[in-house]
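Chemist: Please work from the sequences and hints to get the whole structure.
Spelled out, the chains give:
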Amino acid sequence: MASVTTSISGQPGKPKLPRRRLMTRRSLSRLPTLAILTVVGLIMLFPTVWVLSTAFNNNGGIATGNILPTKPSLYNFREILNVVSSGEPVLRWLLNSIGVSIVAAIGVALIDSLAAFALARLQFRGSKVVFYVVVSSLMVPFIAVLLPQYLWFHWLGLLNSYGALILPYTANAFGVFLLYQFFLGIPRELQEATTVDGAGPFVMWYRLFVPLSIGITATLGLLTFMNVYNDYFWPLIATSTPNMRTVTVGLEIVAIGQYQTNFGALMALTVISVIPMLVVFVFAQRRLVEGIAMSGLAGV
Amino acid sequence: MSSLQPSQPALTDTGSGQYTGRGEAFPAKAGNGPASPVLAPHQAVGKNRRKRRLVDDLKAYAFLAPYLSVFILFTLVPVGFGIYVSLHKWSTTLGNQGFAGLSNYSTLIEGQGYYGSQFYQAMSNTVLFVIISVPLLWAIPTGLAYAVFRSPAKGLWRILFFYPSVFSVTAFGSAWSLLLATNGGSVNSILHTDIHWLTGVPMAWLSIDLATIWATMGFSFIIMYAAVTQVPRIILEAAEIDGARPFARFRYVILPLLRRASIVVIIIETIASFNLFAQDQIMTGGGPGYDTTTISMNIYNQAFSSFNIGGATAAAFLLAIVLAVIAFIQLRVSRRRA
Numbered sequence: 001m002a003s004v005t006t007s008i009s010g011q012p013g014k015p016k017l018p019r020r021r022l023m024t025r026r027s028l029s030r031l032p033t034l035a036i037l038t039v040v041g042l043i044m045l046f047p048t049v050w051v052l053s054t055a056f057n058n059n060g061g062i063a064t065g066n067i068l069p070t071k072p073s074l075y076n077f078r079e080i081l082n083v084v085s086s087g088e089p090v091l092r093w094l095l096n097s098i099g100v101s102i103v104a105a106i107g108v109a110l111i112d113s114l115a116a117f118a119l120a121r122l123q124f125r126g127s128k129v130v131f132y133v134v135v136s137s138l139m140v141p142f143i144a145v146l147l148p149q150y151l152w153f154h155w156l157g158l159l160n161s162y163g164a165l166i167l168p169y170t171a172n173a174f175g176v177f178l179l180y181q182f183f184l185g186i187p188r189e190l191q192e193a194t195t196v197d198g199a200g201p202f203v204m205w206y207r208l209f210v211p212l213s214i215g216i217t218a219t220l221g222l223l224t225f226m227n228v229y230n231d232y233f234w235p236l237i238a239t240s241t242p243n244m245r246t247v248t249v250g251l252e253i254v255a256i257g258q259y260q261t262n263f264g265a266l267m268a269l270t271v272i273s274v275i276p277m278l279v280v281f282v283f284a285q286r287r288l289v290e291g292i293a294m295s296g297l298a299g300v
Numbered sequence: 001m002s003s004l005q006p007s008q009p010a011l012t013d014t015g016s017g018q019y020t021g022r023g024e025a026f027p028a029k030a031g032n033g034p035a036s037p038v039l040a041p042h043q044a045v046g047k048n049r050r051k052r053r054l055v056d057d058l059k060a061y062a063f064l065a066p067y068l069s070v071f072i073l074f075t076l077v078p079v080g081f082g083i084y085v086s087l088h089k090w091s092t093t094l095g096n097q098g099f100a101g102l103s104n105y106s107t108l109i110e111g112q113g114y115y116g117s118q119f120y121q122a123m124s125n126t127v128l129f130v131i132i133s134v135p136l137l138w139a140i141p142t143g144l145a146y147a148v149f150r151s152p153a154k155g156l157w158r159i160l161f162f163y164p165s166v167f168s169v170t171a172f173g174s175a176w177s178l179l180l181a182t183n184g185g186s187v188n189s190i191l192h193t194d195i196h197w198l199t200g201v202p203m204a205w206l207s208i209d210l211a212t213i214w215a216t217m218g219f220s221f222i223i224m225y226a227a228v229t230q231v232p233r234i235i236l237e238a239a240e241i242d243g244a245r246p247f248a249r250f251r252y253v254i255l256p257l258l259r260r261a262s263i264v265v266i267i268i269e270t271i272a273s274f275n276l277f278a279q280d281q282i283m284t285g286g287g288p289g290y291d292t293t294t295i296s297m298n299i300y301n302q303a304f305s306s307f308n309i310g311g312a313t314a315a316a317f318l319l320a321i322v323l324a325v326i327a328f329i330q331l332r333v334s335r336r337r338a
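If you read the protein sequences in the order shown, they are chains A and B. Numbering-wise (this note's numbering), the first sequence opens with residue 1 and increments by one. Numbering-wise (this note's numbering), the second sequence opens with residue 1 and increments by one.
All the pointers check out, no bait thrown in.
Here are some chain B residues the structure puts well away from chain A; computed CB gaps all over 10 Å: (1) K47; (2) Q112; (3) M123; (4) V134; (5) P135; (6) L136; (7) D194; (8) T199; (9) D242; (10) I254; (11) G289; (12) D291.
Coverage of chain A stretches by chain B, computed from C-beta distances (three or more under 8 Å per stretch; other residues unrestricted): (13) 47-57; (14) 103-114; (15) 118-132; (16) 155-168; (17) 198-206; (18) 249-263; (19) 275-288.
Read the hints as simulated data drawn from the structure, not as lab findings. Beta carbons: idealized from backbone N, C-alpha and C, even for Gly.
Modeler: In structure tokens:
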């Protein structure tokens, strides 16, 4: 964990090459790199600038070729947020998305931490079988699970409910795996200190493993929040009434529906839909980035 | 810590460092040891141990119970049910319409009927997208990772390349629809052109690729950047002192050391690209005609426009098999070259 933190965010130590000529050549050789990065960076910014400009421009919903809004206004936001004028419960969608993502993130963190602890630190019959079931469920592509889940929730009569929007995310094999690997790295000496006190496995999990893994568990929670909040296919098929939609699905309905040509209102909704994720990004960027880096490095 | 060591065998190592909590002073097979003259206490110990073992098992499964129950309820059982449904004529609204054997599968494989014939076109469209997007979604993040590694203000670049990841697929889909709209789109109004970015082939594919790369490459960039920073500095310095230019250092020193991360990125991006759905749906709606209809759209339309969820489930399982085979081949090839 520590090594990722330093290697991703820390400045790498400057190699010590005393000769001045080498240093000049080095900074000169970086110019093309900087030029490339600047160009790509501007390309990355460009769409967002236009989205913001269109959203804040009261121009009859038409996009303009100007970087700055010609008639800056919150009109588009007022129009799309107003249920009467837009006909869509946008705030409800937003709250649905946020609520569902938070519950799923907490659920996954808790369920996966318990399971990972048992797999990493308890000895029991069938542990190998359980472990391989978890690993192999990582390989199942989501498309193979999606329609069966739809059919299953249909059969259970749970479609178009918050249960349908949350429960399928709770079986998160990736999280079990991430925490499992972290738990394996916790020194046994620490653990033995608690067993001397005669503590059972639950106390050990709660008193030792949970506090030690709080950082990586939070990362798992954030990644889950991001996945659930941005998920599209499942909430699309699992919900059917306007009030149960999540904001990702609602945005699609608006985008290919009545607001197809009203770019101002559509971009205002796009901006609104991104705000919760943006807050997460601003406050937990480092943790999100670490989590992704770790999932990549631990993935194979 | 250990979770970051890609080479460690921890993935399959359930046996090491485990807490047994089971009085380890006793030999493992106390009950089968040499016959003891005092039988009663010996048997008592054996019974006691068996009882404790059962208690330990129960405790462990208590920890696993939440995960196993949601896994069984919301993954295993649905997939089993899905297999059953795929063997039936099954309507999304009316339910079971009778046993169909493998006909749902054979219809698709033989390309019969509306969705069967579309299945192949959707498959080849999807493969085309995968072939274009996966190399780009690997190469661009990898090149950028090295460029950022060599540049000052790393934090700034990292934010710039990663921030679009906060956009949901519908958010960036609608944003790019605005940018690329033929009438009133920003790109056309800046360039003073009338290009059909979204309504003509091959431009529509180019647009979908562009939007997808813009929005999703941050994820791969972070993985590749983390891998670049783990390249031992001493090797890079040695290459530099030997006179290797920056590109040569990248090509011959760094790239070979990024193999493992590259495999992860390529497999993740292949699966993600095969699942292309929402940005396509918003930006082109699968058109013009069926030219940008993907396999996921085919499955979705089959289930929710034609209400033939039996056939759609069969198509989903076929896609899953294709994906599994491809991931298996990718892993095999990468291991053999190692």
